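S.K.: Residue numbers (the working numbering), protein chains in the order written: chain A, 351 to 685; chain B, 351 to 685; chain C, 351 to 685; chain D, 351 to 685.
Hints are supplied without guarantee of correctness; some may be wrong.
One copy or two, it doesn't matter: identical chains are merged, so the pair holds either way.
Calculated lysine to any residue pairs in the SDA-like style (CA-CA distance at most 25 Å, straight line) [said to hold, decoys possible]:
# : residue 1 : residue 2
1 : LYS353    : ARG368
2 : LYS439    : TYR683
3 : LYS353    : SER465
4 : LYS391    : ASP637
5 : LYS391    : GLY610
6 : LYS353    : GLU536
7 : LYS353    : ALA400
Hints were generated in silico from the structure; no laboratory data involved. In this text, all values refer to a predicted model and were calculated from it rather than measured experimentally.
4 protein chains.
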Amino acid sequence: MLKVGVVGAGNMGEDHLRRLAAGIAGAEVVAVSDVNVELAKRVADGVGAARVHAEGHDLVGDGEVQAVLVASPASTHEAFTLACIAAGKPVLCEKPLAPTTDACLRVVEAEAARSERLVQVGFMRRYDHGYQAMQQVLAAGSIGAPLLVHCAHRNPTAGAGVTSDMLVTESVVHEIDVTRWLLGQEIVAASVLRPRRSSLGEAGLQDPQLVLLETEAGVLVDVEVFVRCQYGYDIRCEVVGESGTVSLAEPEGVHGRQQGRRSSQVPVDWRDRFARAYHTELQAWVDGVRGGAVGDPSAWDGYVTTAVAEGCLEALAEQRRVVVDLPERPGLYAR
Amino acid sequence: MLKVGVVGAGNMGEDHLRRLAAGIAGAEVVAVSDVNVELAKRVADGVGAARVHAEGHDLVGDGEVQAVLVASPASTHEAFTLACIAAGKPVLCEKPLAPTTDACLRVVEAEAARSERLVQVGFMRRYDHGYQAMQQVLAAGSIGAPLLVHCAHRNPTAGAGVTSDMLVTESVVHEIDVTRWLLGQEIVAASVLRPRRSSLGEAGLQDPQLVLLETEAGVLVDVEVFVRCQYGYDIRCEVVGESGTVSLAEPEGVHGRQQGRRSSQVPVDWRDRFARAYHTELQAWVDGVRGGAVGDPSAWDGYVTTAVAEGCLEALAEQRRVVVDLPERPGLYAR
Amino acid sequence: MLKVGVVGAGNMGEDHLRRLAAGIAGAEVVAVSDVNVELAKRVADGVGAARVHAEGHDLVGDGEVQAVLVASPASTHEAFTLACIAAGKPVLCEKPLAPTTDACLRVVEAEAARSERLVQVGFMRRYDHGYQAMQQVLAAGSIGAPLLVHCAHRNPTAGAGVTSDMLVTESVVHEIDVTRWLLGQEIVAASVLRPRRSSLGEAGLQDPQLVLLETEAGVLVDVEVFVRCQYGYDIRCEVVGESGTVSLAEPEGVHGRQQGRRSSQVPVDWRDRFARAYHTELQAWVDGVRGGAVGDPSAWDGYVTTAVAEGCLEALAEQRRVVVDLPERPGLYAR
Amino acid sequence: MLKVGVVGAGNMGEDHLRRLAAGIAGAEVVAVSDVNVELAKRVADGVGAARVHAEGHDLVGDGEVQAVLVASPASTHEAFTLACIAAGKPVLCEKPLAPTTDACLRVVEAEAARSERLVQVGFMRRYDHGYQAMQQVLAAGSIGAPLLVHCAHRNPTAGAGVTSDMLVTESVVHEIDVTRWLLGQEIVAASVLRPRRSSLGEAGLQDPQLVLLETEAGVLVDVEVFVRCQYGYDIRCEVVGESGTVSLAEPEGVHGRQQGRRSSQVPVDWRDRFARAYHTELQAWVDGVRGGAVGDPSAWDGYVTTAVAEGCLEALAEQRRVVVDLPERPGLYAR
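Generate coordinates for the entire structure from the input sequences, incorporating the hints supplied.
M.R.: In structure tokens, the structure reads:
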């Protein structure tokens, strides 16, 4: 059994804790930390974890903890991940790896210096059934070279504090990571267009946005991001190749026929839509750590996603195409 | 221009008149008859037909009328169709050809005696885009020999006077005709099962029913007929072959996403669902008559459908499997 | 019966002639012209038209011709349409109204000067069942204000002479017309992005392209145009509103299940996909002319579409956002 | 951790062992038995189970084993399940509970005598995402009282030894269990119709069959079972209620568009289609046992399914409707 410590007992942390405790084989949660110690205690009790820390660094240093899941606020990811690397402990860091490219780069450099993969970043879509099937079609080459990718990322509603930048940093980062993975290519430029704004919800927010990403081979990726679409959580992706296309199917359970309409349900939120992907991601991480091979997305992937997102923010603010410059990929992360 | 007379200006007649007047090339309506002369006049005016008859036989005998469309009540179909045959005028007789096998047989015999095809019966599904595509798949042999057919025939609501027998005589007759045509086989036996009855609407009606038809080659056809399904007019058909299946797709125009659901509209009634099929049927009839070749379904098809429907009624009443005996197919109707 | 003359007996002309002769009520073809007189004669014979002209202007001037369908090469549209206006004869001009905005504007001015609508332009999508259902949803306001439109326009293969500009002038013009109509808004700016090119077919062609159109209210329309997508003719359109979306459903006839896959057919080409829309368009034109009311799209619509297409060509060539300036809409074309 | 022993290391046993070892939280496999001891050893090694028995009864009696999963041949299920009951150990018995109603009844009586639920039967569909969503719709009452259920159960190919009876005992048993559960009603009569046989594969097999089941409330369930449909593993279910219907959606991951067709994959076999359901079933069993509450389907459910299946076999052999008589439901299994 892999003894896991979880840093951060908020929403995302609690979700992961529940999964680790009840649905993941080969792991047990032994420690929980949160700046809110009462919360940490309550959550730890719920999953039978004996050890509670107020300070995440103490959890990382706890000798009973063999691997760490970081689900604390994004601003703290760098420090905890660096501590795990220093301690030689595998870490699954929730997305983003860190909010700035500089911070991400420090993690990449620390891990590269150790010449050992310890960090996996929590972009769970790579573990989604549908995206995996798309990846297999692309890898098999049956639709020819990819030319375009069309994506939509829609949330029903957004919290009060949402900003225009957060459409990129909270939502589009998933499309950045998953299209890099699907295509096996880096993104080299970004633009962000500003369509008519929805009048529903608070004013001043640029919602929706149309993000345009260009890859090194010239593939053009368009991402509609719309965080207050009202009707549900809706994720779509189609890759257009030279001789065919492949796209995510709707995640349907049942069809109903009532009152003049055939219908099926749209997921309520991302937890509902990607429940199975989160499960598969966590199990794969536990299996990987126990087998001595930390999986992807890597710290490098986390760094690049933040770098591209920064390019998008600049493009959004300045309303121009921004070139994304990346340093050379360290050998540790060779494809 | 083919000069058409229409017998019967009720609902069905008026629909056909509107189509003939406004959407069918190569035909003009020159005469209308109805026992309700005022109605006939009003309708004739609407389509610019100069000649009005109180009596359908006068219309059939009218020298200006080159071809007749019979849309009067079913009990009168035999007499008008026989009159058309006697007059040597092509006739499109709305379904059923006649309510009894004896009456149908008289029409068949009259036409066969003349050795000339004059009668087409108004089962319009053979002219539906979807059924035609199914027929092509079957004819191409790509799913192997058919073994089973699954059908559903659902109406949202039924009028006050509906009887259990009418589920067969008004609705299932369409499935009888279209599966004979799809399979190119005769039906040799029928059973009717009585599922739990819907409690909505008036009591005493056996609604829904499950009709089971067996063809000469042993293909088993099940037809759910449900005339008060509430939610819409819904027609489904799947043919299961030895190596694959083919089925009608949903007749969708647009998809909507609202309030947590993806949905599309179910047609309101048969006119809506089969509007295009009626149009194609009428145009084909006009083209056929002008080209000297009356099309299918023939009087023989109309006769067989009524014979199978009578078998179903007997099966429904006596709750047993009823064998359908058919006389030899006259040479005029050779496949 | 409306006596129609058809200018141009090539592919498009012949399609229209066949429809007019065989499937459209209330019209008859009385004259055909083509610079290839032998072709014109052969085609006229096929549809029973007695009068053949080598010169389209003679057909327009022919006293037997009450209304004209122009299906000759695009470069001749202006002259024939102006002749029809001068002769006071209704004209259905195939798309485009004319290849340049100047030419289109001359038609608009001639018609406006007469203060009478005579010209309908052949953008047939407005008569497609699916687009009409979308338009009804939008008009009903049930998805709120439109914010984004996503379109794809894919052809399986393109002829040898196709140029990068023709992706706009032959294909995207349909999306320009239909989104203006769906949204009830003018397009004010255009950009064209150049994704990775398909390596299939001849080199040097920018195929696919991603065209971005902005409306006066800020709605952003993206159109993927890809004329050698190999797999079929595929048209998609989704309008994203503040509280829901509406999109074209797939034009499916039947579903098959064979060899490990569920599948349905993609139309082979635009004639197949829009056969019913062409029919509805022609019937509506004939009905409109006979009823004294020429329908849409108008000469103004034809002018604006060409103006926006010119903006796209400039945007494609210069790789920048181009503002589309339109003169004031003449009162004859008031919304 | 629940210490589980697995009886039977064949196909089904090995599948379960792999899941238990790698994907189920809170359980560890401690013992494996198989009459083929070499196989048992190899499989036990693979999952890290230290204890191997040649004889299943020794495994049941093994003091280290807290709960037993029986995946041995059906003829041995009764004996091992009875042994588990005698030992007071929870047991998940693969379907069927036993091949005869008499044998099943002995298990029911033994468990009822103990007044304690220990047995869960391995009908995994109740744990499938889609069936669970259907069950929720039915429970919510939103489609009104169920009247009809339409099912199809198709396998691509069948092994050499398959018999006509096995279509019922291996396949239809799943529909028997799941429709009883969906409807919350017992089945009281069965008929089996014999459609035209597929000519593919060995002769003499009645394949497909149409099984008709009637519930105590009169709901009519039709099940097409077709074990050599060639094209894939395809499970369908639609419940028709008084005011609407609910049906399983297709289990699609991605859509492709290639070579003139839109298509998606049909699962290859039941393991593929129900992988997630098996996982959920096992996790629920482990959670239930650890929480002191053994779940459904119960021994009673297993008994009834075998009783109904026996009725079907009699109906198939004698070609008549067979009434299924059930004893009173013991209080231990009260709904």
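S.K.: Hints first: check each against the structure and report whether it holds.
M.R.: Right, here's what the structure says about each hint:
Taking identical chains as interchangeable, the C-alpha atoms of LYS353 and ARG368 lie at most 25 Å apart whether they share a chain (15 Å) or sit on different chains (22 Å). For a Cα distance limit of 25 Å, the shortest separation of LYS439 from TYR683 inside one copy, 18 Å, qualifies, whereas the shortest one across copies, 50 Å, does not. Taking the shortest alpha-carbon separations for LYS353 and SER465, only the intra-copy value of 24 Å comes in at or below 25 Å, while the best inter-copy value is 39 Å. When the C-alpha separation of LYS391 and ASP637 is checked against a cutoff of 25 Å, the pair qualifies only between copies, where the shortest distance is 23 Å, while the shortest distance within a copy is 27 Å.
In the homo-oligomer, the alpha carbons of LYS391 and GLY610 never lie at most 25 Å apart, since the shortest distance is 51 Å inside one protomer and 36 Å across protomers. For a Cα distance limit of 25 Å, the shortest separation of LYS353 from GLU536 qualifies neither inside one copy, at 35 Å, nor across copies, at 48 Å. In the homo-oligomer, the alpha carbons of LYS353 and ALA400 lie at most 25 Å apart both inside one protomer (12 Å) and across protomers (22 Å), since each shortest distance falls under that limit.
Hints 5 and 6 from the list above are not met by this structure, while the remaining hints are.
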